[in-house]
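J.: Sequence:
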Amino acid sequence: MTEPIAEIPGASDSQRATRRRESTILASLAIAGAVVEYPLAMAIKSIDVSELVRALPFLVITIVFASLIPLSLRLDSDLGLPGAPLLAAKIAGRKLHFSIRSLLRVSFGYAILAALGGAVVLVIVLIPLVIKHSSGGSSSIPSPPIFTVAPARVAFVGASVAIAAAVSEEIQFRLVLYALFGWIARLMSRGSNRFPGRGALWIVTIAQGYLFGLIHLAPLAGTLFNSTSRFLLGGMLMPQTLEGVIFGRLYLRRGLEASIIAHASMDLGLFLLAAVGVARSH
0 MTEPIAEIPG ASDSQRATRR RESTILASLA IAGAVVEYPL AMAIKSIDVS
50 ELVRALPFLV ITIVFASLIP LSLRLDSDLG LPGAPLLAAK IAGRKLHFSI
100 RSLLRVSFGY AILAALGGAV VLVIVLIPLV IKHSSGGSSS IPSPPIFTVA
150 PARVAFVGAS VAIAAAVSEE IQFRLVLYAL FGWIARLMSR GSNRFPGRGA
200 LWIVTIAQGY LFGLIHLAPL AGTLFNSTSR FLLGGMLMPQ TLEGVIFGRL
250 YLRRGLEASI IAHASMDLGL FLLAAVGVAR SH
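Numbering-wise, the sequence shown is residues 0 to 281 according to numbering that gives the first Met the number 0.
Rather than coming from a laboratory, the hints here were simulated on the basis of the structure. Glycine included, each C-beta is placed from N, C-alpha and C at the ideal position. Treat each hint with caution, since some may be false.
[As the list claims (entries may be wrong)] Restraint-style ranges between C-beta atoms, simulated for each label pair: (1) Ile62 with Arg19: 17 to 27 Å; (2) Val34 with Ser188: 32 to 42 Å; (3) Arg197 with Pro127: 29 to 39 Å; (4) Gly116 with Ala217: 14 to 24 Å; (5) Ala151 with Leu121: 24 to 34 Å; (6) Val52 with Arg197: 36 to 46 Å; (7) Val122 with Ile202: 46 to 56 Å; (8) Val124 with Ser27: 48 to 58 Å; (9) Gln14 with Ala54: 32 to 42 Å; (10) Arg193 with Lys131: 44 to 54 Å; (11) Arg15 with Arg193: 17 to 27 Å; (12) Ile183 with Asp12: 28 to 38 Å.
Make the full structure from the sequences, and use the hints.
T.: What follows is the structure, given as structure tokens:
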């Protein structure tokens with residue numbers, strides 16, 4: 000009978016210290032991204048105090064998610080989820096098992112896929128709903144302020160919003176929600192596997208994508224979707240829901256940094272296209 004291998008002294012302490020540093024960095028990025036994102040998104044036209052007050056609940060949600068990051072990182076290792084491999088390797092001084100070039104290539108590919116998928120949902124589902132809503136005699140939906148400002152402002156402020164939103168939202172919806180939903184999925188499954196199965200991960204992916212779409216639907220809650228049932232159903236029809244599912248699959252494949260790059264790349268491209276459109280309309 001072989002003797003058990005003795006644990007390396009201080010190994011667990013080192014892992015805990017690494018995880019604490021990782022948690023602190025990720026929580027700071029999530030909160031900082033939200034603090035930058037909401038005022039800048041409003042600053043595309045102008046900052047109004049009432050609009051800033053409306054953004055406070057979203058900031059509170061971000062702080063709650065940030066407080067769950069240490070738990071999420073522990074669950075990641077238990078559930079076999081990728082977490083933030085680049086950050087973890089940097090803090091621990093480990094070498095990466097993949098190249099940055101391949102990470103960028105995959106991330107940009109998923110960004111294009113998410114943009115195309117969101118555009119299809121927008122054209123097939125959301126735009127017809129808006130047209131039907133407007134032609135039915137209901138109160139008109141306000142036009143986006145992005146079309147009333149200078150193209151350079153749209154490009155500069157939009158790029159800042161894209162980066163801040165990608166960092167903050169990916170930490171919240173991919174890192175934290177995946178860990179929590181994955182833990183729930185494992186509790187509900189009666190198998191002896193340590194990790195959630197493929198079917199459970201798909202359910203988790205769709206669930207977090209749905210919540211990602213639902214929170215982006217909030218600004219339309221009182222106009223296009225003016226009841227609780229319509230609001231909950233509308234979450235399934237949002238372009239961001241499909242985009243959240245696509246970013247979620249990328250997260251499972253390559254980790255948090257890849258989904259941040261894809262999210263930021265997609266939003267940057269959309270804001271630049273918007274800036275071009277505004278320039279032509281002027």
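J.: Between Ala151 and Leu121, is the Cβ distance one that fits in 24 to 34 Å?
T.: holds, 25 Å
J.: Assuming the hint says 28 to 38 Å, is it satisfied by the Cβ distance from Ile183 to Asp12 or not?
T.: holds, 30 Å
J.: Verify the CB-CB distance for Arg197 and Pro127 against the hinted window 29 to 39 Å.
T.: holds, 34 Å
J.: Range first: 17 to 27 Å. Now tell me if the beta carbons of Arg15 and Arg193 are that far apart.
T.: With a Cβ separation near 21 Å, Arg15 and Arg193 satisfy 17 to 27 Å, so the hint holds.
J.: Please test the hint of 32 to 42 Å on the beta carbon pair from Val34 and Ser188.
T.: holds, 38 Å
J.: Mind checking the hinted window 46 to 56 Å against the Cβ distance between Val122 and Ile202?
T.: Taking Cβ atoms as reference, Val122 and Ile202 lie about 28 Å apart, which means the hint is violated.
J.: Range first: 36 to 46 Å. Now tell me if the beta carbons of Val52 and Arg197 are that far apart.
T.: Taking Cβ atoms as reference, Val52 and Arg197 lie about 44 Å apart, which means the hint holds.
J.: Does the Cβ pair Ile62, Arg19 satisfy 17 to 27 Å?
T.: holds, 18 Å
J.: Starting from the hint 44 to 54 Å, judge whether the C-beta atoms of Arg193 and Lys131 obey it.
T.: holds, 49 Å
J.: Cβ-Cβ distance between Gln14 and Ala54: within 32 to 42 Å?
T.: holds, 37 Å
J.: Go ahead and decide if the range 48 to 58 Å is satisfied by the Cβ distance of Val124 to Ser27.
T.: violated, 37 Å
J.: For the range 14 to 24 Å, tell me whether the beta carbons of Gly116 and Ala217 fit it or not.
T.: Check passed, 21 Å falls within 14 to 24 Å.
In summary, the structure is inconsistent with hints 7 and 8 from the numbered list given earlier, while agreeing with the others.
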